[in-house]
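All chains should be modelled from the sequences, with the hints used to inform the complete structure.
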Amino acid sequence: MNKSWRKEDGLDKKGFTLIELIVTIGLLAILLAMIVPRINTDRYYLEKISKEIYYDIKDVKVKSMTSDGVSYSMSLYNNYYILKMGTNTGIKQYKKVELKEDFELLYEDQSLTFNYRGSPSQAQTITIRDIKRNLIKQITIVPVTGRILLIE
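For the sequence shown, the residue numbers in the numbering used here are 109 to 260.
No wet-lab data here; the hints were simulated from the structure.
Among the hints, a few may not be true.
As the list claims (entries may be wrong) - No more than 27 angstroms apart at the CA atoms, straight line, and that leaves these computed lysine-lysine pairs for BS3-like:
{"id": "1", "residue 1": "Lys203", "residue 2": "Lys192"}
{"id": "2", "residue 1": "Lys122", "residue 2": "Lys166"}
{"id": "3", "residue 1": "Lys171", "residue 2": "Lys192"}
{"id": "4", "residue 1": "Lys171", "residue 2": "Lys245"}
{"id": "5", "residue 1": "Lys208", "residue 2": "Lys192"}
{"id": "6", "residue 1": "Lys245", "residue 2": "Lys166"}
{"id": "7", "residue 1": "Lys204", "residue 2": "Lys166"}
{"id": "8", "residue 1": "Lys192", "residue 2": "Lys245"}
{"id": "9", "residue 1": "Lys122", "residue 2": "Lys156"}
{"id": "10", "residue 1": "Lys171", "residue 2": "Lys159"}
{"id": "11", "residue 1": "Lys192", "residue 2": "Lys166"}
{"id": "12", "residue 1": "Lys159", "residue 2": "Lys200"}
{"id": "13", "residue 1": "Lys203", "residue 2": "Lys122"}
{"id": "14", "residue 1": "Lys122", "residue 2": "Lys159"}
{"id": "15", "residue 1": "Lys245", "residue 2": "Lys204"}
{"id": "16", "residue 1": "Lys245", "residue 2": "Lys208"}
{"id": "17", "residue 1": "Lys156", "residue 2": "Lys240"}
{"id": "18", "residue 1": "Lys240", "residue 2": "Lys204"}
{"id": "19", "residue 1": "Lys200", "residue 2": "Lys240"}
Right, dumping it as C-alpha cells:
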C-alpha cells in the first residue's frame, strides 16, 4: 500500500504549476525593469526639433515666394519661436513652437524674413542647443540664394 493516489490517476507528471510560472516571470520582469537603463530621449528630441525648425523655415520661404500681398516671417526667442503672417489688416501668429526644458535657441537676428525671390533679409545661423549635454545643431541660411542648411 505504498502506492500514491497520484500514480493511480496518472497525475505523476513532473512540471511547474501555473502560479509558479506567473510568480517566476513576474520576478524576472521586475529585475529586468531595474537593470535596464532608461532611454534618454533628449538626443532624439534635439534631432526632431532641429528638423522641425528647418522645415518651418522652408515653409516661410516658400510661402513668401508664392503668396501675393501676404508676408511671412519667423520670430525667434530663447525657448520658442513663432511663425507670423502679415496682411493689410495686420499681423497674425499662425504657429508657435516651444522647446523642452534644457533646450535653447541661439540666433544672430530675432526676425527672419524672405523676399519674393526666396532671398533672406540677411544671413542667419540658428543654433539649437541641449544645455544639459552641451550638444548643438545649427541651421544656416545662406544670403542671396536663400539656401537652408541643417548642420550636424
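*asked:* Can you confirm whether the C-alpha distance between Lys159 and Lys200 stays at or below 27 angstroms?
replied: holds, 24 angstroms
*Within 27 angstroms, alpha carbon to alpha carbon, are Lys240 and Lys204?*
holds, 24 angstroms
*asked:* Checking one constraint from the list: CA of Lys200 to CA of Lys240, max 27 angstroms. Satisfied?
replied: violated, 34 angstroms
_Restraint status (C-alpha distance of Lys245 to Lys166 at most 27 angstroms)_ = holds, 17 angstroms
_Can you confirm whether the C-alpha distance between Lys192 and Lys245 stays at or below 27 angstroms?_
holds, 24 angstroms
*With a cut-off of 27 angstroms on the C-alpha distance, tell me whether Lys122 and Lys166 pass.*
Roughly 68 angstroms between the alpha carbons, so the hint for Lys122 and Lys166 is violated.
*Below or equal to 27 angstroms on CA atoms is what counts here, so check Lys204 against Lys166.*
holds, 16 angstroms
_Pairwise hint evaluation, Lys204 against Lys245, where the allowed Cα distance is 27 angstroms at most_ = It holds: about 20 angstroms lies between the C-alpha atoms, which stays within 27 angstroms.
*Restraint check for Lys203 with Lys192, where alpha carbons must lie at most 27 angstroms apart*: The given pair, whose Cα atoms are some 7 angstroms apart, holds under the 27 angstroms limit.
_So if I understand the rule, the pair passes when the alpha-carbon distance is 27 angstroms or less; does Lys171 with Lys192 pass?_
holds, 11 angstroms
*Taking only the CA atoms, is the gap from Lys208 to Lys192 under or equal to 27 angstroms?*
holds, 21 angstroms
_For Lys245 and Lys208, compute the direct alpha-carbon distance and say whether it is at most 27 angstroms._
holds, 15 angstroms
Hints 2, 9, 13, 14 and 19, counting from the list given before, are not met by this structure.
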